[in-house]
Amino acid sequence: MGLEMWLRTGLLMAILTGLLMGIGYLLGGPQVAFIMFLFAMLFNFITYWYSDQIVLSWYNARIVDEMEAPELYAIVRSLAERAGLPMPRIAIIPTETPNAFATGRDPKHAVVAVTQGLLRILDRDELEGVLGHELTHIKNRDILISTVAAAMAGAIMQLAYWARWIAIFGSYDDREDSGNIIAAILVAVLAPIAAMLIQAAISRSREFLADEGGAKLSGKPWALASALLKIEQAVRYRPMREGNPATAHMFIINPFRGMSIAELFSTHPPTEKRIERLRKIAEEMGYVPNF
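Note that the working numbering has the sequence shown beginning at 581, numbered continuously upward.
These aren't lab readings, by the way, just hints derived from the structure by calculation.
None of the values given here were measured: they were computed from a predicted structure.
We put the beta carbon where it would ideally sit given N, CA and C, even for glycine.
You may find that some hints are simply not true.
To be verified - Computed list of lysine to any residue pairs in SDA-like fashion (alpha-carbon distance at most 25 Å, straight line): (1) K860 - S785; (2) K688 - I672; (3) K860 - I773; (4) K853 - R816; (5) K796 - D703; (6) K853 - R786; (7) K796 - T851; (8) K688 - R657; (9) K810 - V868.
As the list claims (entries may be wrong) - Distance windows between CB atoms, simulated: (10) E822 - D703: 43 to 53 Å; (11) P666 - L789: 16 to 26 Å; (12) R704 - R818: 14 to 24 Å; (13) G608 - P666: 28 to 38 Å; (14) R818 - Q738: 19 to 29 Å.
Starting from the given sequences, assemble the full structure and let the hints guide the process.
In structure tokens form, the structure reads like this:
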């Protein structure tokens with residue numbers, strides 16, 4: 581697992597570094613591409629050590645202690661012990677949109693983040709299922725690659741945002757340099773698509789594995805299925821209005837439905853298929869599914 585994780589993370593960093601260099605080349609030629617290479621090397625270092633803090637800051641997530649969230653701590657501690665994991669830190673995100681994600685560079689530096697809305701709408705069994713899902717991501721060491729992808733995709737999408745402004749103002753102030761304007765337009769359109777494709781490739785297959793692990797860890801596949809359905813319905817009614825769509829793949833359900841280009845490239849398998857798989861897991865565990 582360790583070697584696979586390093587290979588996957590290294591490949592991701594190489595791909596995203598190549599994207600940044602390609603963006604630099606389109607916008608300014610070889611010199612800007614080299615600057616982007618240096619930036620990517622620095623950013624790779626920062627994202628490895630601090631990507632979890634970057635992602636948590638995007639959501640104003642606050643680390644809480646056991647005095648503030650005793651029930652949440654009790655559930656996470658029990659599940660972590662069953663999974664053979666060190667106790668992760670716990671953060672609460674101040675939003676009513678129900679959701680959760682795990683982040684960190686390894687199990688010893690992991691954080692499980694849940695929203696206020698999640699704690700409000702789920703019962704204890706459903707919460708155990710969701711937290712089991714997130715702890716499985718930690719156990720499978722998905723958290724490093726997903727967090728690095730979020731931070732680097734966020735950087736690429738920010739560059740695309742700047743490229744849109746270059747295209748707009750360049751069209752008025754520098755009409756003779758049409759090549760730069762065309763390049764800026766290409767970056768503005770293609771860079772977010774490339775970032776989203778990478779996110780989707782990383783996330784979709786890992787979600788099924790995390791569902792299975794969460795169901796078995798909690799022993800309550802029906803509760804996880806119920807939680808997924810509740811979160812899906814709530815997100816449709818109240819998607820997140822703040823945050824960074826580059827992190828969509830980190831959440832248990834994409835929280836940005838209908839908000840951005842992220843909707844065009846699903847970062848998660850269809851919830852119906854996830855529930856169907858959980859039904860089969862329940863049957864294998866000897867339960868008669870009623871969901």
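Outcome of the hint check:
Taken as a hint, the K860 and S785 pair is honoured in the structure, with Cα atoms around 17 Å apart against an allowance of 25 Å. Only pairs whose Cα atoms come within 25 Å are accepted, and K688 paired with I672 is accepted, the gap being roughly 19 Å. About 34 Å separates the Cα atoms of K860 and I773, which puts this hinted pair outside 25 Å; it is violated. Restraint check for K853 and R816: satisfied, since their Cα atoms lie roughly 17 Å apart, inside the 25 Å limit.
Proposed proximity of K796 and D703 is supported: the alpha carbons are some 18 Å apart, at most 25 Å. For the proposed pair K853 and R786, the alpha carbon gap of about 14 Å is at most 25 Å, so the pair holds. Our distance criterion of 25 Å between C-alpha atoms is met by K796 and T851, whose separation comes to about 18 Å. Our distance criterion of 25 Å between C-alpha atoms is met by K688 and R657, whose separation comes to about 14 Å.
Restraint check for K810 and V868: the C-alpha separation of about 21 Å stays at or below 25 Å, so the hint holds. Between E822 and D703 the Cβ separation comes to about 27 Å, which falls outside the hinted range of 43 to 53 Å. In this structure, P666 and L789 meet the distance hint of 16 to 26 Å, their C-beta atoms being roughly 21 Å apart. Distance hint check for R704 and R818: the Cβ-Cβ separation is about 23 Å, which falls inside the suggested range of 14 to 24 Å.
Evaluation of the 28 to 38 Å hint for G608 and P666 yields a failure: the beta carbon distance comes to about 46 Å. Checking the proposed 19 to 29 Å range against R818 and Q738 shows it holds: the Cβ atoms sit about 26 Å from each other.
Checked against the numbered hints given earlier, this structure breaks hints 3, 10, 13; the rest are met.
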